[in-house]
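Work out the full structure, taking the sequences as your base and the hints as a guide.
Heads up: the sequence shown begins at 1 in UniProt numbering, then just goes up one per residue.
Keep in mind that the hints were calculated from the coordinates and are not lab data.
Within a straight-line C-alpha distance of at most 27 Å, the following computed DSSO-like cross-link-like pairs (lysine-lysine) qualify: (1) Lys261 x Lys336; (2) Lys197 x Lys262; (3) Lys149 x Lys197; (4) Lys180 x Lys256; (5) Lys180 x Lys245; (6) Lys199 x Lys180; (7) Lys197 x Lys245; (8) Lys245 x Lys149; (9) Lys180 x Lys262; (10) Lys199 x Lys245; (11) Lys180 x Lys197; (12) Lys245 x Lys262.
Predicted model, so just to flag it, every value in this text is computed and none were measured.
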Amino acid sequence: MRFRVSLRTLLALTTLLCVVGGLAFLRLKAERNAEEQLVADGLAISFDPWGNRGRYWYNDPEIEQENASETLLGRLNWELLRHVRCVDGQRSATEADTASTVDDNSLRSLESLRHVEILYLGFQPITDLGLESLRYLHSLKHLNLCGTKVSDDGLANITNLDALEYLALEFTIITDSGLKYLDGFENLEELSLMGTKIKGPGLSHLVRLASLRRLGLSGTAVRSDDLLHLSSLASLENLSLSNTKIDDSASIHLSKLSTLKKLNVAENRLSDEFLVELSALSSIESLNISGTDVTDRSESVILGFPNLSNFYASDTSMSAECRARIGDFVRRNRYKGYSAIGRNGG
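Following this line, the structure appears as structure tokens:
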């Protein structure tokens, strides 16, 4: 049986292929133009930032191109199928007040990209307006906005980025009101709010973050009662509360975090009573109580943490002898950990 195709059908298929091909060409051209503009504006880009490590590791695009060009298939893949996956404009805090080539307009090129997974803009003069250009980055996993000029209203522009796993908002003017825009990030594993304007009530918006493992609240005005909202975070392993407004009563809520491994409560008005309540947290591996009023009376409690392998207690009322005994205990635990890794072939 012969398969017949009418001229009309053939023309329709040809037209469809031309349209699809044309759209693909325009998309490719838009991506390449966006790449060039990002680099021209002073942003570094990478196409394979994860490398072979399975975790973020920035690669030089020139090296990526060189490696890809070793075979004909690799060259074709590079020219036609490569996508920007990392955009890095991170600056240090000391550069925050210096002139920058990166601003809100620089981020407009991101609207032509669909595969960006990592975006670092720390200490760049980015405002709420610039965040509007992030709305199409549905693959974004890491977002660093530390030290930018982003406010609560700006966070409304990123609520649809539900693939986010890491969000850093350190040293911004974010307040409790802004946290309501974060409650839908079900994949978020790390959230840093250090040095923001948060006072605590807004932590109620974090209760739905079931995947959250690391939370940074150091340098905020969070109080003990506000920690009630964290007690339902069943995956939380690392909590930083140094230089906040908490007191001994915070331990009531912290004691419910059964998965907690690292706790930093340095530079707070805490006494020995604080640690008594935490004695049931057998998962604790790292504890920082530097700059508190803890004394030698807490030695037995601290020695009761079976997995403690890092301990910091400078500028406390603990005697040197007490710290030395705890130090010996910690080193033994650390050695046991290394031995276990060795036995397992790590």
